[in-house]
Amino acid sequence: MASRAAERARTLVRRYLDPRRSWSAGLDAELRALTREDEAARALYRRAVTAHRLMTGGDPAQPSGFEQGRMMAAVVEGASAGPERRRRGVLAALGVAVAAAALLLVVLPPGRGSEAVDPTLRARGAVEAGPLTGLGLSGVTQGGGEYEIVASGRAFLGDWVRFYTTNERPELRWVFVLGLQPGRPVAWYAPLPPEETRSLPLPTEKHHMLPMENRLSARHVPGPLRVVALFTTRALGADEVAAAVRDDMATMADSELEATLRSALGLEPQDVVQLVQTHVVAGQQKEVPRDAR
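Residue 66 in numbering that gives the first Met the number 0 is what sits at position 67 of the sequence shown, and the numbering runs on without skipping anything.
Keep in mind that the hints are not guaranteed to be accurate.
[What the hints assert, rightly or not] Across the chosen pairs, the derived CB separations fall in these ranges: (1) Pro221 with Asp246: 39 to 47 Å; (2) Ala281 with Arg20: 21 to 29 Å; (3) Glu239 with Arg20: 16 to 24 Å; (4) Val280 with Asp246: 17 to 25 Å; (5) Ala263 with Ser21: 43 to 51 Å; (6) Glu29 with Arg214: 36 to 44 Å; (7) Gln276 with Arg233: 42 to 50 Å.
[Said to hold, decoys possible] With a cut-off of at most 20 Å between alpha-carbon atoms, the simulated DMTMM-like pairs for lysine to aspartate or glutamate come out as follows: (8) Lys205 with Glu167; (9) Lys205 with Glu257; (10) Lys205 with Glu170; (11) Lys205 with Asp37.
Hints are computed from structural coordinates only; laboratory data are not their basis. In this text, a Cβ means the ideal position worked out from N, Cα and C, and glycines have one as well.
Modelling step: build the complete structure from the supplied sequences, incorporating the hints.
Right under this line is the structure:
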């Protein structure tokens, strides 16, 4: 069961990444405190903003333009509080905002497996990391609207899932994506057997949309969904991946699942196993106006 801190962080992160909702210095300070003190809250925040950055076509290790706007608004509000500070005027507050815009959480980029996250608060944005590799997910409604699955924490039955990859490592030339739900058969996303029998080619570029969309229909039920992405130096066969998948993988700890897949598939140390957790729900996603995305 998620901690109270993690549940509160989930609520705050959804609001933080929702352009239709307001954000304040108080909420920003609360989110920062939660992610500093609670590991689950920190991991949830990291996953959500990384997915948001991949979805917007940016660098997963750097805040998006939308995030920078949120940061600046919060800092300006904080700098403008109090009679003495208010007398300094908006321009002074903006100067403080520019200087402090990077005071946010470090975000571990995708493609780091199950590495522990350094809990120390540093610049929330730039990350001193090597080349990035990761998967982003978006939902597509019947009306064609697109929403971020990881950032919102959910995907809706009947919607389509769109997959985006970011890869800055030329040696990783292949990607294999599947979905796991407790008590359900494996959901094959990319490749899609029996027509496709091995990993898809993985280009070395940012925000690449895989050439397919998968519908959350008969193969899925309401409940947790774990998406597994395998970025590899060699193509994996659908048969060998099917043989490696176990019934209990949907509920394994991340570290155990990664280790099990690496062993069963004989993955190389440089290969990347990425796990993306979300929740399938019944109902419909409200259409988001295009100018709000």
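The hints, checked one at a time:
| no. | hint | verdict |
| --- | --- | --- |
| 1 | Pro221 with Asp246: 39 to 47 Å | violated (19 Å) |
| 2 | Ala281 with Arg20: 21 to 29 Å | holds (23 Å) |
| 3 | Glu239 with Arg20: 16 to 24 Å | violated (45 Å) |
| 4 | Val280 with Asp246: 17 to 25 Å | holds (23 Å) |
| 5 | Ala263 with Ser21: 43 to 51 Å | holds (48 Å) |
| 6 | Glu29 with Arg214: 36 to 44 Å | holds (37 Å) |
| 7 | Gln276 with Arg233: 42 to 50 Å | violated (27 Å) |
| 8 | Lys205 with Glu167 | holds (7 Å) |
| 9 | Lys205 with Glu257 | violated (24 Å) |
| 10 | Lys205 with Glu170 | holds (15 Å) |
| 11 | Lys205 with Asp37 | violated (31 Å) |
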